[in-house]
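> Line by line, the protein sequences give chains A and B. Our numbering applies: residue 132 is where the first sequence begins, and numbers increase by one. Our numbering applies: residue 132 is where the second sequence begins, and numbers increase by one.
Hints are supplied without guarantee of correctness; some may be wrong.
No copy labels: a pair is met if it fits in one copy or bridges any two.
Claimed, not checked - Here are the computed lysine to aspartate or glutamate pairs in the DMTMM-like style, where the Cα-Cα straight-line distance is at most 25 angstroms:
no.	residue 1	residue 2
1	Lys223	Glu205
2	Lys184	Asp165
3	Lys563	Glu298
4	Lys331	Asp161
5	Lys257	Asp226
6	Lys223	Glu202
7	Lys539	Glu501
8	Lys539	Glu189
9	Lys331	Glu298
10	Lys223	Asp143
11	Lys413	Glu348
12	Lys223	Glu201
13	Lys223	Asp161
Because the hints were derived from the structure by calculation, they are not lab data. Treat the numbers as computed from the prediction; the structure is a model and nothing was measured.
2 protein chains.
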Amino acid sequence: MNIPHRLYLTEDQMPRQWYNLRADMPCQPDPMLDPATLQPVTEEGLYLVFCEKLAHQELDGSTRYVDIPEEILEMYRIYRPSPLCRAYQLEKALDTPAHIYYKFEGNNTSGSHKLNSAIAQAYYAKEQGLSSLTTETGAGQWGTALAEACAHFGLDLTVFMVKVSYEQKPFRKAVMQTFGADVTVSPSPTTGAGRRILEKDPHTGGSLGCAISEAVERALATPGCRYVLGSVLNQVLLHQSIIGLEAKRAMDLLGEYPDVIIGCAGGGSNLGGLIAPYMRDKLTGAADPQIIAVEPASCPSLTRGRYAYDFCDTGRITPLARMYTLGSGFIPSPGHAGGLRYHGMSPILSRLYHDGFMSAVSAEQTRVFEAAVFFARQETILPAPESAHAIRAAMDEALRCRETGEAKTILFGLTGTGYFDMTAYTAFLEGKMADTVPTDEELQRGFDSLPEVPGRA
Amino acid sequence: MNIPHRLYLTEDQMPRQWYNLRADMPCQPDPMLDPATLQPVTEEGLYLVFCEKLAHQELDGSTRYVDIPEEILEMYRIYRPSPLCRAYQLEKALDTPAHIYYKFEGNNTSGSHKLNSAIAQAYYAKEQGLSSLTTETGAGQWGTALAEACAHFGLDLTVFMVKVSYEQKPFRKAVMQTFGADVTVSPSPTTGAGRRILEKDPHTGGSLGCAISEAVERALATPGCRYVLGSVLNQVLLHQSIIGLEAKRAMDLLGEYPDVIIGCAGGGSNLGGLIAPYMRDKLTGAADPQIIAVEPASCPSLTRGRYAYDFCDTGRITPLARMYTLGSGFIPSPGHAGGLRYHGMSPILSRLYHDGFMSAVSAEQTRVFEAAVFFARQETILPAPESAHAIRAAMDEALRCRETGEAKTILFGLTGTGYFDMTAYTAFLEGKMADTVPTDEELQRGFDSLPEVPGRA
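Extracted from the complex, chain A is given alone in its bound form (with noise of 0.2 angstroms):
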């Protein structure tokens, strides 16, 4: 069969259910806690941070397809199907008998990944007759993702963003107010939070854990307003299964399955997209495809993390999630510039890891940038610094097949392009990046921020 460039599925083509992993896994996810309980939150409970259709999604285990609402799918016919690439300059430029393919996810203003769950939120927060919506963001992607979609449903939305990030990317500050959202630099002195940390220290460059609670703290003192989160949660990797769904139709009619999947993992959103329908297969023992999380080394929740309930943000506010965790308290070195920058990780990514049905490996700055620069050069597109963990494990997979003579079929998840992360490309060619492996004190200090849940493993 002659396998194009690209593969775009047509409009008909495209899923019109998302795939929910939870029914096919044997063993489901801890429950979330009520942080002041302990004990499991329900539905109802959730209702006052989240939207209630979202509510029921984050603790829906059992419903195998969800049906994606007509609105929702118009949306996605604007900037979906997302190609699936197959990579013949990168196969050419190593050398090797693999056959690799990405599905690439950056071909939409917000660069990423991001847009397919910012969406469906805001979505359902219309739906319930909901006004506005507040977030968090750090580099600026699901903030974007998020004023495009609350702009094209007519919500209001504030993003409180990070200090540190808000004043060294004023451009993505500038993307999301052109979509009408209301950017808030983070610690702000609008909310309590923000005001506490900013009497402690008027000088800090803010975190995401303040910027949660800031977004958090707005959205329940706001009436009609909710708080939403770009990745970890289960709904997100809900809605984030288009992407693996699409890529498996698209394989699917190239006759085509892949032996390795690869995808970056930070909170997991995109990692547990675009696996969701092969790991059906695994689940189901319909097939056994490799699957690979990367992470990077100055972060490494699943590779050298803990498998324990931990608070979803540094400010300890949040429900808490059984899930690898560096600890909440755990920050990633300030030299560290690839992203993915999440103390934890996906409870269900983090319970199938648990559970044998992927592997994960971590790899170090300075190399990721290496294969960012090797695959653009190849493919003429530039990677966002988080994709390209990717790309290193897939070169590496390749280069090893070159080794072996194998012709193994390799997939992987190219989430996002870099345009807004110049800085850390000109860092890495100028050769002032370092790698930066946290030591095992320094591992241990952020276990030491870890909760106790007594009666809970």
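Dock chain B against the given chain A, drawing on the hints supplied.
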């Protein structure tokens, strides 16, 4: 017929030939003149600056279809076809009976259509055994595109980047460097032209004219090196015909034919490419679509310029071309943020405009940015300011259709994305953008710079 939001041609449906508009023009553009002799240039005379195949394409007015070499097709397949998009959301927001389509060229790392010609020019240079290229870049889209192409074909590239852009857009520079280009701030002490300007004014912000002079000087002084240009030239319009050929094939598949075709016009590379096959219909009498060029009111070469022989650069070292021009001495107001700053216009488009085959309108930049923001919020794509000129005119046409009830089919070119133009967006959003329309006196100063060419119109 059910018309999808995005139509991607398959690889089999992609054009394998470029279309040379000149072959069907009743009146050819006037010949380029050698600046020293004022006699028509010969193909061989261009070999010093251009590589041979490109010099041939520049002067070849008779070959109707030119085979695209397989190596170029292979590169096109990495980022093409570009989608033909039906603007359902925009139509709904404007409440118009018009059908609005746009051909979106921004889904590649250069962020614009410039890559189409960059690949062709780099390929022919490589084929001739050259080892390096030089060019200039202002905003940086062309420099980025050429850097990608040179990385692929293994050519060294030196980009002379206008100093003020170099300092304002460090990220553009970094992208080019990531693709291996040597980016030199212009004026630079590395060329005679640069040194002369620096001696006069060490603090100059540079200009495109100066950067061209430096790039040409460097090419002439370097063995195995040639100079390349991203717009205006006949060869560039030839390569860019891929845009229109794809668009027409896609619309044919949908059973649609545009009543109105709209493109922004700076040097003319996008407009010339987009309209190519439709202009052929017009020239051969097969159909009679309306074709509209949109230019900034700040730099109105078609609507307020003169059809005269002029230099292509402000340094006055290039051949002269007869075109609509404001005079190579014309400099748009520094308050002009919307791109399309070139003083002249493609000689092919100038001839067609002069002969009545297309019309032109100008747009003030605040109305252009207003359209850009409106479009972004509906269609989720953040447009380049240049592209937003076409959006403005398409929206105006669609609004007229709302008044008249006509269900016209409108096709416009969305040439690229605006990620590197956020300073201008922010100025617009904050109400700090003013319209800058040159007075008749200011235009006259530009016309005073027109060269005298005895015996020619």
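> Are the hints correct? Go through all of them and say.
For each hint, the structure was consulted:
1. Lys223 <-> Glu205: Classified as between; 13 angstroms across copies, 38 angstroms inside a copy.
2. Lys184 <-> Asp165: Within one copy only: 19 angstroms inside a chain, 71 angstroms across chains, cut-off 25 angstroms.
3. Lys563 <-> Glu298: Answer is both: 21 angstroms inside a copy and 21 angstroms across each meet the 25 angstroms cutoff.
4. Lys331 <-> Asp161: neither (36 angstroms within a copy, 73 angstroms between copies)
5. Lys257 <-> Asp226: between (51 angstroms within a copy, 22 angstroms between copies)
6. Lys223 <-> Glu202: between (42 angstroms within a copy, 14 angstroms between copies)
7. Lys539 <-> Glu501: Close inside one copy (23 angstroms), not across copies (51 angstroms); limit 25 angstroms.
8. Lys539 <-> Glu189: Classified as neither: same-chain Cα gap 36 angstroms, cross-chain 46 angstroms, threshold 25 angstroms.
9. Lys331 <-> Glu298: within (20 angstroms within a copy, 37 angstroms between copies)
10. Lys223 <-> Asp143: Cα proximity of Lys223 and Asp143: across copies only (22 angstroms, versus 33 angstroms in one copy).
11. Lys413 <-> Glu348: Answer is neither: 41 angstroms inside a copy and 62 angstroms across each miss the 25 angstroms cutoff.
12. Lys223 <-> Glu201: between (42 angstroms within a copy, 16 angstroms between copies)
13. Lys223 <-> Asp161: neither (45 angstroms within a copy, 45 angstroms between copies)
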